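2 protein chains.
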Amino acid sequence: MRLSRSLIPTIKETPAEAQIVSHRLMLRAGLIRQQSSGIYAWLPAGLRVLHNIANIVRAEQTRAGAQEILMPTIQSADLWRESGRYDAYGPEMLRIRDRHDREMLYGPTNEEMLTAIMRDSVQSYRDLPQMLYQIQWKFRDEVRPRFGVLRGREFYMKDGYSFDLDYASAVSSYRRMMLSYMRIFRDMGVRAIPMRADTGPIGGDLSHEFHILAPTGESGVFYDKAFETIDLGNDTYSYENQADLDAFFDHMTSLYAATDEKHDTVAWSNIPEADRREGRGIEIGQIFYFGTKYSEKMGFAVVGPDGAKIHPEMGSYGIGVSRLTGAIIEASHDDAGIIWPDAVAPFHAAILNLRQGDATTDALCEQAYAGLGDAALYDDRPARAGEKFADADLMGHPWQIIIGPRGAANGMVELKRRRTGERAELSLEDTLAKVRG
Amino acid sequence: MRLSRSLIPTIKETPAEAQIVSHRLMLRAGLIRQQSSGIYAWLPAGLRVLHNIANIVRAEQTRAGAQEILMPTIQSADLWRESGRYDAYGPEMLRIRDRHDREMLYGPTNEEMLTAIMRDSVQSYRDLPQMLYQIQWKFRDEVRPRFGVLRGREFYMKDGYSFDLDYASAVSSYRRMMLSYMRIFRDMGVRAIPMRADTGPIGGDLSHEFHILAPTGESGVFYDKAFETIDLGNDTYSYENQADLDAFFDHMTSLYAATDEKHDTVAWSNIPEADRREGRGIEIGQIFYFGTKYSEKMGFAVVGPDGAKIHPEMGSYGIGVSRLTGAIIEASHDDAGIIWPDAVAPFHAAILNLRQGDATTDALCEQAYAGLGDAALYDDRPARAGEKFADADLMGHPWQIIIGPRGAANGMVELKRRRTGERAELSLEDTLAKVRG
Numbered sequence: 001m002r003l004s005r006s007l008i009p010t011i012k013e014t015p016a017e018a019q020i021v022s023h024r025l026m027l028r029a030g031l032i033r034q035q036s037s038g039i040y041a042w043l044p045a046g047l048r049v050l051h052n053i054a055n056i057v058r059a060e061q062t063r064a065g066a067q068e069i070l071m072p073t074i075q076s077a078d079l080w081r082e083s084g085r086y087d088a089y090g091p092e093m094l095r096i097r098d099r100h101d102r103e104m105l106y107g108p109t110n111e112e113m114l115t116a117i118m119r120d121s122v123q124s125y126r127d128l129p130q131m132l133y134q135i136q137w138k139f140r141d142e143v144r145p146r147f148g149v150l151r152g153r154e155f156y157m158k159d160g161y162s163f164d165l166d167y168a169s170a171v172s173s174y175r176r177m178m179l180s181y182m183r184i185f186r187d188m189g190v191r192a193i194p195m196r197a198d199t200g201p202i203g204g205d206l207s208h209e210f211h212i213l214a215p216t217g218e219s220g221v222f223y224d225k226a227f228e229t230i231d232l233g234n235d236t237y238s239y240e241n242q243a244d245l246d247a248f249f250d251h252m253t254s255l256y257a258a259t260d261e262k263h264d265t266v267a268w269s270n271i272p273e274a275d276r277r278e279g280r281g282i283e284i285g286q287i288f289y290f291g292t293k294y295s296e297k298m299g300f301a302v303v304g305p306d307g308a309k310i311h312p313e314m315g316s317y318g319i320g321v322s323r324l325t326g327a328i329i330e331a332s333h334d335d336a337g338i339i340w341p342d343a344v345a346p347f348h349a350a351i352l353n354l355r356q357g358d359a360t361t362d363a364l365c366e367q368a369y370a371g372l373g374d375a376a377l378y379d380d381r382p383a384r385a386g387e388k389f390a391d392a393d394l395m396g397h398p399w400q401i402i403i404g405p406r407g408a409a410n411g412m413v414e415l416k417r418r419r420t421g422e423r424a425e426l427s428l429e430d431t432l433a434k435v436r437g
Numbered sequence: 001m002r003l004s005r006s007l008i009p010t011i012k013e014t015p016a017e018a019q020i021v022s023h024r025l026m027l028r029a030g031l032i033r034q035q036s037s038g039i040y041a042w043l044p045a046g047l048r049v050l051h052n053i054a055n056i057v058r059a060e061q062t063r064a065g066a067q068e069i070l071m072p073t074i075q076s077a078d079l080w081r082e083s084g085r086y087d088a089y090g091p092e093m094l095r096i097r098d099r100h101d102r103e104m105l106y107g108p109t110n111e112e113m114l115t116a117i118m119r120d121s122v123q124s125y126r127d128l129p130q131m132l133y134q135i136q137w138k139f140r141d142e143v144r145p146r147f148g149v150l151r152g153r154e155f156y157m158k159d160g161y162s163f164d165l166d167y168a169s170a171v172s173s174y175r176r177m178m179l180s181y182m183r184i185f186r187d188m189g190v191r192a193i194p195m196r197a198d199t200g201p202i203g204g205d206l207s208h209e210f211h212i213l214a215p216t217g218e219s220g221v222f223y224d225k226a227f228e229t230i231d232l233g234n235d236t237y238s239y240e241n242q243a244d245l246d247a248f249f250d251h252m253t254s255l256y257a258a259t260d261e262k263h264d265t266v267a268w269s270n271i272p273e274a275d276r277r278e279g280r281g282i283e284i285g286q287i288f289y290f291g292t293k294y295s296e297k298m299g300f301a302v303v304g305p306d307g308a309k310i311h312p313e314m315g316s317y318g319i320g321v322s323r324l325t326g327a328i329i330e331a332s333h334d335d336a337g338i339i340w341p342d343a344v345a346p347f348h349a350a351i352l353n354l355r356q357g358d359a360t361t362d363a364l365c366e367q368a369y370a371g372l373g374d375a376a377l378y379d380d381r382p383a384r385a386g387e388k389f390a391d392a393d394l395m396g397h398p399w400q401i402i403i404g405p406r407g408a409a410n411g412m413v414e415l416k417r418r419r420t421g422e423r424a425e426l427s428l429e430d431t432l433a434k435v436r437g
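As given, the protein sequences belong to chains A and B, one line each in that order. Position 290, counted from 1, in the first sequence is what this note's numbering calls 290; the numbers after and before it change by one each time, with no gaps. Position 58, counted from 1, in the second sequence is what this note's numbering calls 58; the numbers after and before it change by one each time, with no gaps.
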């Protein structure tokens, strides 16, 4: 994109309403704009990050055998009465009456709806197991929304659901999702740690939260340094191999990891001091196994091989997609701005034209832009060099291709890596090869 | 995907609640399930169609210079009071009160919100023109939702907005969108005809509706046969060339096209009889130019080159993305089921295993599936051949690769083209080459 023709309204001043760094940087870099308390519009650069994150989730969920669906945002209150959660949910549920005075709600999660869909669609044990997920907007009417997209009211979430015939198969689904989640976060360029968690309002027997490490994280976390070198390769663990899934799960859960709320100082003291790591974390996902809680309450059963009814065992699996945009920034920024991991960056590179209107400089910039296309943001504004440097650092593109009249006369550009600050003088050809990686 | 492990619940019986063919076929082919009146969940095959349509829209809107953004579904009532539409909109607007008793609504369209975003983000004439669009869920609380996704309450829509400094530039944006829309519908494999339209509740001076031809369409349409052979090629009309945009617009609007409501029998009688075409149509998009209506009411102005305030000229541009899934089926089906155009089909091909469990047949099917991957739906169910034939015709995959034990013994398969019914005996290699196209 050409910056002169784009809606990327960067801001120099620190917005007064933003208390934390990711919120400040998302506003300053022109990624989002608040529309109501806890409700945001995503401008072009912000939406590109959101799409990148969603597509990483999709790719790895597909590999893990999950099918994508999409459920509506507005649900019927009657559906939630079947599970007993309509009255139980409290004021965070946004309750609505339509023109016929029917009670509706904006879905905060979808266990009920998908159980009802399965109940209508699936009759035989032959149709299970199934693993389904969606990436859809949800609403939770937080009493005091804050921290930007980290705790918004309308938020974008991946929620997945597994349906299995028995406990062993459900545990296998749970373990498959744990592996898939670890690979998803790895593919985004962040380090996540799974921690045993309470099951909360969804209920159930087994749950893990995933936290990414960020100095500004909401929780203190304690973990074994072995998490820093986990091998998640396809050769090490296959989704199709039960022994692999079990070995992976056993390895994950054998290592110490806890938030400060669940920290066990005795167990911690048994870990060699050299292996202990402390930090802060932000929760970005959670997985639950909860058995037949919903299938029994909602009367979802399939006919088994012997003709007997089986209530499927269920689990649910969430990733905060919009939350991750903020969490990644909390984990990866400096005083000058965002430092996007390559995999989620809105643009892979910025092209900075230091002398707009100089024919040689313009020509080399156009050549660079033609070579990178949509992966690049071309800063073609009639602005000072200092402003372009500051905005590129703020927006956090992994690469900056800096083109001024002196270098351009010799066909040379300066290539800067945002994360390390490393700079090199290179020909345009070598630059493009390096940026395309 | 393997059908045995997929949630594609086909139905043999005609669903009683569905009055029109696309609604019946979408239910029967397992694409959607109703959750409340006029509110649908999209199952895996249906969602693939929705994504295909959305991605065609994205690709061509990007070429036309539009930037994608994403606005929230829940809006503040105060925003709509600024334009005067909050009270004017009527009972189709879903009005909501949050836990703090603030008046909110589920957006039926986004002129107000984007005008407010631009007002906060853009100060100078240098920042215009801009063209922005989103693909987002909307809600209109229809009093009697019907016809499935053709007239749902929660629906998926592409809505775009242009902001220009003067009338000439706004007209250019309008014409660019008309060209982009015609290319979008062409790329989906349907024929669309632009017709001069009333501006309705959005207001303004100029509007066109796009109808696709379908024997079951809601409106009668009358048009010049020249629409059947419109050249939309990039070499004929460039988005960057004003003379091209003008020539395209003049050509489109010089040809007769009208729904029965606006039919002009005198003008019609002046068209040579051989050039007259009559049919039925379904509205799938509409474009509006409405000048400074919103920018004035909402106080959005930029500073012009001479320091004077300029209220930008606006237009808005809609495509019914979820509606199109139904409209395309209305335009393309037969007694046996859906006939998907290649570009939007959920799967490019189905592989029908006629003897599940026969080693040779299974092996050849697996080979075909490995060769096509995610583009194919492999019917590996332990079902009768007749059921597999019927379901493949119902689901409407462009190609069927039919593999039985006799052919498999010689490495041969039968390839059927759904649209024409043509069949051929081919080697697997030739089949894959043909299906990959």
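In case anyone wonders, no lab produced these hints; they're calculated from the structure. Since we're looking at a predicted model, the values are computed, not measured. Where hints are given, some of them may not hold.
Stated by the list, open to error - Facing chain B, according to a computed beta carbon distance under 7 Å, are these residues of chain A, among others: (1) S76; (2) A77; (3) R99.
Claimed, not checked - Calculated from the model, a selection of chain A residues having no Cβ within reach of chain B, i.e. all distances over 12 Å: (4) R48; (5) Q67; (6) A88; (7) R97; (8) A116; (9) R126; (10) Q130; (11) G152; (12) D198; (13) S219; (14) G233; (15) R280; (16) G291; (17) H311.
Just so you know, even glycine gets a beta-carbon here, dropped at the ideal spot from N, CA and C.
Do the hints match the structure? See the list:
| no. | hint | verdict |
| --- | --- | --- |
| 1 | S76 | 5 Å, holds |
| 2 | A77 | 10 Å, violated |
| 3 | R99 | 5 Å, holds |
| 4 | R48 | 8 Å, violated |
| 5 | Q67 | 4 Å, violated |
| 6 | A88 | 16 Å, holds |
| 7 | R97 | 9 Å, violated |
| 8 | A116 | 8 Å, violated |
| 9 | R126 | 8 Å, violated |
| 10 | Q130 | 6 Å, violated |
| 11 | G152 | 9 Å, violated |
| 12 | D198 | 24 Å, holds |
| 13 | S219 | 26 Å, holds |
| 14 | G233 | 21 Å, holds |
| 15 | R280 | 29 Å, holds |
| 16 | G291 | 21 Å, holds |
| 17 | H311 | 18 Å, holds |
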